[in-house]
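**Student:** Each chain, letter by letter, is given below.
Number of protein chains: 2
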Amino acid sequence: MGSLVSDFLTMSKSNNNSKEFNPLDPEEFREKAHKAVDFIADYYKNIENYPVLSQVQPGYLRNRIPETPPDAPESFDTILRDVQNDIIPGMTHWLSPNFFAFFPATVSSAAFVGDMLSNCFNAVGFNWLASPAATELEMVVMDWLATMLQLPKSFKFSGSGGGVLQSTTSEAVLCTLIAARDRALKEIGVQHVGKLVVYGSDQTHSTFMKVCKIAGIHPENIRSIPTILEDDFSLSPKLLRKVVEADVAKGLVPLYLCATVGTTSTTAIDPIKHLADVAADYRIWVHVDAAYGGSACICPEYRHFLDGVERVDSLSLSPHKWLLTYLDCCCLWTKNPNLIINSLSTNPEYLKNKINDSDSVVSYKDWQVGTGRKFKSLRLWLVLRSYGVTNLRNHIRTDIQMAVTFERLVRSDPRFEIVVPRRFALVCFRLKQFNGFDSAYTELLNKRLLDRVNSTGRVYMTHTIVGGVYLLRFAVGATLTRDHHVVAAWELIRETTDALVKECYA
Amino acid sequence: MGSLVSDFLTMSKSNNNSKEFNPLDPEEFREKAHKAVDFIADYYKNIENYPVLSQVQPGYLRNRIPETPPDAPESFDTILRDVQNDIIPGMTHWLSPNFFAFFPATVSSAAFVGDMLSNCFNAVGFNWLASPAATELEMVVMDWLATMLQLPKSFKFSGSGGGVLQSTTSEAVLCTLIAARDRALKEIGVQHVGKLVVYGSDQTHSTFMKVCKIAGIHPENIRSIPTILEDDFSLSPKLLRKVVEADVAKGLVPLYLCATVGTTSTTAIDPIKHLADVAADYRIWVHVDAAYGGSACICPEYRHFLDGVERVDSLSLSPHKWLLTYLDCCCLWTKNPNLIINSLSTNPEYLKNKINDSDSVVSYKDWQVGTGRKFKSLRLWLVLRSYGVTNLRNHIRTDIQMAVTFERLVRSDPRFEIVVPRRFALVCFRLKQFNGFDSAYTELLNKRLLDRVNSTGRVYMTHTIVGGVYLLRFAVGATLTRDHHVVAAWELIRETTDALVKECYA
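Chains as they are written, first to last, in UniProt numbering: chain A, 1 to 506; chain F, 1 to 506.
Certain hints may be false.
Listed below are the simulated SDA-like cross-link pairs for lysine to any residue, each with C-alpha atoms no more than 20 Å apart in a straight line [claimed, not checked]:
| # | chain 1 | residue 1 | chain 2 | residue 2 |
| --- | --- | --- | --- | --- |
| 1 | F | LYS238 | F | ASP307 |
| 2 | A | LYS35 | F | LYS35 |
| 3 | A | LYS354 | F | TYR441 |
From the structure, some residues in chain A lie toward chain F, with a derived Cβ separation under 7 Å [said to hold, decoys possible]:
| # | residue |
| --- | --- |
| 4 | GLU28 |
| 5 | LYS32 |
| 6 | ASN391 |
Everything labelled a hint here was simulated from the structure, so no lab data went into it. Please read all numbers here as calculations on a predicted model, not as lab measurements. Note that beta-carbon positions come from the ideal geometry of N, C-alpha and C, so glycine has one too.
Just need the whole structure built from these sequences, with the hints factored in.
**Tutor:** Right, dumping it as structure tokens:
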């Protein structure tokens with residue numbers, strides 16, 4: 001036996017002498033990664049030189065890339081050259097300071113290196129033993145952010161709840177919805193799943209309907225309650241009660257409400273407290289989707305948007321939107337971890353170990369859809385420590401201040417109107433209806449304005465339609481945006497409008 | 001108006017003169033990221049100095065970390081020191097060459113810098129316009145890997161199908177299951193969801209049952225068909241047919257089969273072709289979960305494990321397991337993208353644009369659960385180009401060769417037995433039943449052997465139970481593992497066994 005081992009060792013030694021394939025040679029790693037750092041730092045330095053909205057046509061890449069992968073290795077320099085020449089022209093530059101579309105996806109040096117460290121370990125933290133630090137740091141960081149948001153103890157591990165990092169709001173909603181669904185089905189029987197009804201408003205994120213369908217909620221039982229301009233498109237508790245009562249009268253079972261703090265179209269805010277009153281009367285699980293608006297609530301002056309949160313069941317917030325973490329990072333807190341675990345836990349033999357079986361530790365695989373998961377909390381931990389709470393609050397305030405600047409500029413031009421009140425760093429505005437033109441033409445003009453501004457590549461904004469009104473969305477908050485970018489964007493909008501109006505009356 | 005603008009610009013200039021908070025200052029980014037690169041390269045260099053299985057106790061981190069986040073910034077050096085002192089001791093080092101647990105999660109310099117580039121852009125590629133390059137490169141890379149696997153045209157964009165990067169197998173199964181479910185419900189009516197039946201074996205990944213429950217399949221309709229040692233724990237097509245026939249006789253509707261190429265416990269292989277025969281007779285959607293084993297099929301000599309794939313509906317494979325991509329990277333191909341899109345598409349006003357509305361482009365948000373998504377394909381693209389197909393095949397072969405070495409070492413010791421035939425790079429073995437001891441004691445001895453070996457911190461293996469037999473899993477494949485690590489692991493196992501046996505007969 002000893003001789004067999006020594007044979008293998010001799011063989012192994014001779015193998016090691018030949019030039020072996022080592023994709024994680026530390027020195028090669030060092031060289032490539034340093035090169036990548038400089039490439040990226042230079043990209044950030046020069047980002048304003050690129051058109052913010054990509055100007056390529058569909059299919060542009062097919063002709064630039066071989067149809068099959070190479071048999072032999074290609075150098076990193078060659079690949080970086082291709083990234084520069086073939087990929088960058090096809091990028092819509094989300095990190096450009098001239099990006100005012102959708103909601104920004106914010107970033108920071110701290111989160112970048114946090115993700116490098118997460119990759120460094122490449123730990124698969126499905127349960128505690130597979131990566132104790134990954135599990136425990138996530139618990140700490142979720143409690144930290146809960147403290148910053150002044151969430152009650154019932155949402156913290158230091159209390160009776162807890163938090164988990166999901167990839168997206170969709171997953172956060174899915175996991176909580178499944179928990180609520182299974183609790184209800186236990187009572188009414190799985191054959192009555194067709195009785196379960198879920199509630200959102202017509203402003204709730206489009207993913208809500210998708211997620212409800214995934215969870216097997218019958219499509220005709222997904223209520224999209226209408227909102228109106230007069231209520232700033234927030235969900236009316238009165239109307240919710242009416243809809244719920246009608247469902248109950250029909251023998252249906254109210255299940256789940258998704259309330260939003262900062263809707264995607266216009267950052268409308270649903271009144272959590274009053275909605276929770278209604279929900280409590282019917283044992284409805286209330287989830288608050290604060291993907292965008294939640295981040296602002298780390299500032300005491302915006303915290304009131306979360307008033308009533310102590311009465312809801314779960315809350316999600318995406319730091320990748322406004323807390324500088326890069327994609328993807330969605331925080332979910334719940335008062336009822338056990339209900340989520342009841343629905344999502346698995347217990348295969350090959351993952352069993354004494355410590356996990358003792359129930360003394362968290363197994364994050366039971367808090368999410370998948371089994372595998374990265375060491376997700378490092379990014380958020382790095383952000384919170386590298387900048388500190390004070391800077392993060394000021395970062396939110398500065399963004400909002402820039403939006404205020406833009407709002408004032410819009411108001412200073414009588415051709416424009418602000419369509420809904422600005423709550424955070426999104427301004428919803430449009431060209432007013434001009435004398436002698438109808439509303440369809442107004443919409444057309446606004447569309448033209450948007451197309452022309454975006455096609456310059458100097459600014460990227462988007463649009464939405466609410467209450468039948470087509471409006472332009474100007475979302476401030478890209479990490480590199482400063483006052484002068486906002487002012488220059490306004491100047492471009494104004495000049496484009498001058499030209500449009502001239503054509504109009506020509 | 002002009003004066004308002006110039007007022008703002010003056011204000012802005014004076015703001016810029018004060019020391020502003022700039023979390024993406026390119027030079028600060030450069031400095032931090034270079035520091036992180038060296039930290040990580042040094043970690044890889046010294047990784048063998050750490051115990052592979054973390055030796056901390058539950059709760060170890062709470063006492064090392066403040067209860068609340070800091071108000072003021074902390075330096076990157078301070079944080080890196082804490083990573084070294086507080087995080088690393090709590091890591092189970094998945095990238096250690098002495099990690100033989102679960103399945104390895106493999107990595108490479110190329111994938112690391114690929115992810116750095118993905119983060120660089122931080123593009124949210126929910127639809128084409130939001131990031132044309134992210135959409136198109138993903139299509140190219142999915143076709144590339146399909147070519148490497150000799151998948152038929154029906155799974156490629158260049159044919160009539162297509163592929164998408166998911167995070168985990170769970171998501172891949174969920175998306176295809178929902179597509180199959182909704183197609184069926186359209187025919188039988190949503191009120192008959194309780195009739196839908198899904199099939200796997202008792203070796204199918206534990207996430208399958210979880211995902212089926214998420215999708216609203218009634219728990220009593222999830223069939224876990226037993227397998228036996230004599231069939232190497234592969235799913236018997238005959239037995240499948242019997243179970244399906246019984247369901248049909250009861251008026252139930254067979255829906256979905258999850259077949260596995262390389263099960264988690266023992267890398268068993270379900271016979272795709274023969275299972276597809278049965279499925280075809282009942283219009284069952286067949287999904288092949290080749291999360292681990294699929295990667296080996298890039299080698300012509302292992303491709304036969306996918307024989308029959310041309311007859312299934314979808315296939316998933318996780319390059320983060322064996323193709324060096326870091327977490328998370330799960331490839332899903334399907335012949336029926338439209339069915340997935342039918343179930344998962346959303347069309348909110350704020351994401352509409354002319355190009356997307358023209359249907360000429362792919363909107364990857366409609367191929368997944370969430371809306372947002374990273375530029376996921378860069379990592380895989382970097383791996384395929386940086387190493388080339390030839391090296392990747394040899395990397396698979398080298399890992400398998402090391403497993404063969406280990407298998408021979410086990411066989412050379414009469415106290416041990418190989419429990420199931422080795423297919424890839426996982427060896428399933430155990431201490432045999434010794435004279436005078438019963439099977440319960442044999443299990444206890446094997447457990448003790450595992451505990452003692454793992455507690456040394458020199459090696460980490462795991463266990464499973466199949467067909468009532470407790471066995472040890474030795475999974476070769478961590479990126480840094482070489483022959484001498486395998487031989488040393490065996491030596492440790494052998495010596496530990498010597499001591500155990502001595503105690504036994506003492």
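**Student:** Could you tell me which of the numbered hints above are not met by this structure, giving the numbers in increasing order?
**Tutor:** none
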